[in-house]
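> Starting from the known structure of chain E, fit chain X onto it as the hints suggest.
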Amino acid sequence: MSHRIEYQWACWRVHASPGQGAMPRFVIAIEGGDNNLCDAVTGKRSRSWDVCMLGTASQVLKRAVYFAGACEGGSLKPGSRDCTPEAYIRRIRRLIEGEAPAPAQGNWYPRVRIPESHPLATHARQLGLPLVREQRFGDWFALIDLNVSQRDLVFDFADKFPDLHGWQLAEVGGLPRT
Amino acid sequence: MPSETSSPINEIDRVVIHLPDDAMFYSHRSYLPVAIDLIDGEQRPTLLRHGDRGISYMAQYEIFSVLCSDRAQKAVDHQLLAAGKPVTPERYLGLWRTAIAESVTAAVAKAELGIHAVAVLRAPLAAMSDAKSSWTSCPFGTFARFQAAYGHLFKHGDDGTFTLELDLAIAGCAQVAYYGASMMCNKFDRSSSTWQAGILIRRVDTRLHQAGLFEVAEA
Chain E
123 MSHRIEYQWA
133 CWRVHASPGQ
143 GAMPRFVIAI
153 EGGDNNLCDA
163 VTGKRSRSWD
173 VCMLGTASQV
183 LKRAVYFAGA
193 CEGGSLKPGS
203 RDCTPEAYIR
213 RIRRLIEGEA
223 PAPAQGNWYP
233 RVRIPESHPL
243 ATHARQLGLP
253 LVREQRFGDW
263 FALIDLNVSQ
273 RDLVFDFADK
283 FPDLHGWQLA
293 EVGGLPRT
Chain X
13 MPSETSSPIN
23 EIDRVVIHLP
33 DDAMFYSHRS
43 YLPVAIDLID
53 GEQRPTLLRH
63 GDRGISYMAQ
73 YEIFSVLCSD
83 RAQKAVDHQL
93 LAAGKPVTPE
103 RYLGLWRTAI
113 AESVTAAVAK
123 AELGIHAVAV
133 LRAPLAAMSD
143 AKSSWTSCPF
153 GTFARFQAAY
163 GHLFKHGDDG
173 TFTLELDLAI
183 AGCAQVAYYG
193 ASMMCNKFDR
203 SSSTWQAGIL
213 IRRVDTRLHQ
223 AGLFEVAEA
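Those protein sequences? They're chains E and X, same order as listed. For the first sequence, the positions run 123 to 300 when this note's numbering is used. For the second sequence, the positions run 13 to 231 when this note's numbering is used.
Because the hints were derived from the structure by calculation, they are not lab data. Relax, there's no trap hidden among the hints.
Below 25 Å or equal to it, Euclidean Cα-Cα: the simulated DMTMM-like pairs (lysine to aspartate or glutamate) are:
| # | chain 1 | residue 1 | chain 2 | residue 2 |
| --- | --- | --- | --- | --- |
| 1 | X | 199 | X | 171 |
| 2 | X | 144 | X | 179 |
| 3 | X | 86 | E | 281 |
| 4 | E | 282 | X | 82 |
| 5 | E | 199 | X | 82 |
| 6 | E | 282 | E | 172 |
| 7 | X | 86 | E | 285 |
| 8 | X | 86 | E | 219 |
| 9 | X | 86 | X | 64 |
| 10 | X | 86 | E | 278 |
| 11 | E | 282 | E | 267 |
| 12 | E | 282 | X | 89 |
| 13 | E | 199 | X | 102 |
| 14 | X | 97 | E | 219 |
| 15 | X | 167 | X | 201 |
| 16 | E | 199 | E | 285 |
| 17 | E | 199 | E | 161 |
Covered by chain E, per the in silico footprint, the following chain X stretches (three or more residues, Cβ under 8 Å):
| # | segment |
| --- | --- |
| 18 | 68-74 |
| 19 | 79-85 |
| 20 | 102-108 |
Being a predicted model, the structure only gives us computed values, none of them experimental. For every residue, glycine included, the Cβ atom is placed at its ideal position computed from N, Cα and C.
Excised from the complex, chain E in its bound form (with noise of 0.2 Å):
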């Protein structure tokens, strides 16, 4: 049966800003792939780092809660070995609660591509943000443009749409692969 496979992890802990009370926030990126898709180049199975989980840590958490509920059927397998839901959840847990420095190499930035017509297009005009309209696969997205010195709105987006995914909000760069 064609399932995830999750390679590696990495989280990144972004101190409170004044405008966002006292939380921190997390980033939680995974690599991870299809077991059934193979690079044609390296012949390894397809993996690509993206940006999983975003938010506080109860909006981590329970988004990570979410992910486990394909484990127990085996469609997500954490270093392609079989998981419970609940070892899933305590696996994300230990990343933000641990003290684990950020990684080494790599970092994450903002880069919010939603659906043309999701309401955070209209929020993102009313704040003046500049927009850029993009088709993918026949469907218009909308592009935010945001700068590194804005990219703690990603979690101001976070809270205010709690539908959005993280890898809808910021990708990551230059991490390590397996």
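For chain X alone, coordinates are given in the frame of chain E:
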């Protein structure tokens, strides 16, 4: 952050009903997970499931999928309590794992725990007359044979519909409900309101039920 104004769910117990192995064609054991919530001082059973339609008997992995889509997430920020106390999602899922390991038959759930599972099928009778099952494992194959076997239990409405209630505690009824509903799914659009197939969970008084059993035993 959006404010949560609703009061937390207080889940005080869990009952998992396991269905007979022939209830449907999958080889894995199928279940009905029922959460017992305390609402205004009253214990209310709630069937946990994706969506609110259809006769869905769930595999173990589907139960965890449903839990992780809703209640286990609510446990994170204490919008769900276990017996009145905060619980981590890991611990909460563990409670359900225990409940699955201690699952009971629908008959035991009704007689000893007061949880009565009933399948309800309702559809226009005329439209169903030529319906067939798409499953070769269906014990009746066509609606005509289904009606011949269970028509005496139909309740007929003024609008030409029939309603069939099947007590899942009775042997064979889980299978009848599953394949009966599958014929209705074939015949009607899933979103149509002209038909209904679902499972109701009712609370019954176990003392009365057990008294009834004793009466039969003594007769």
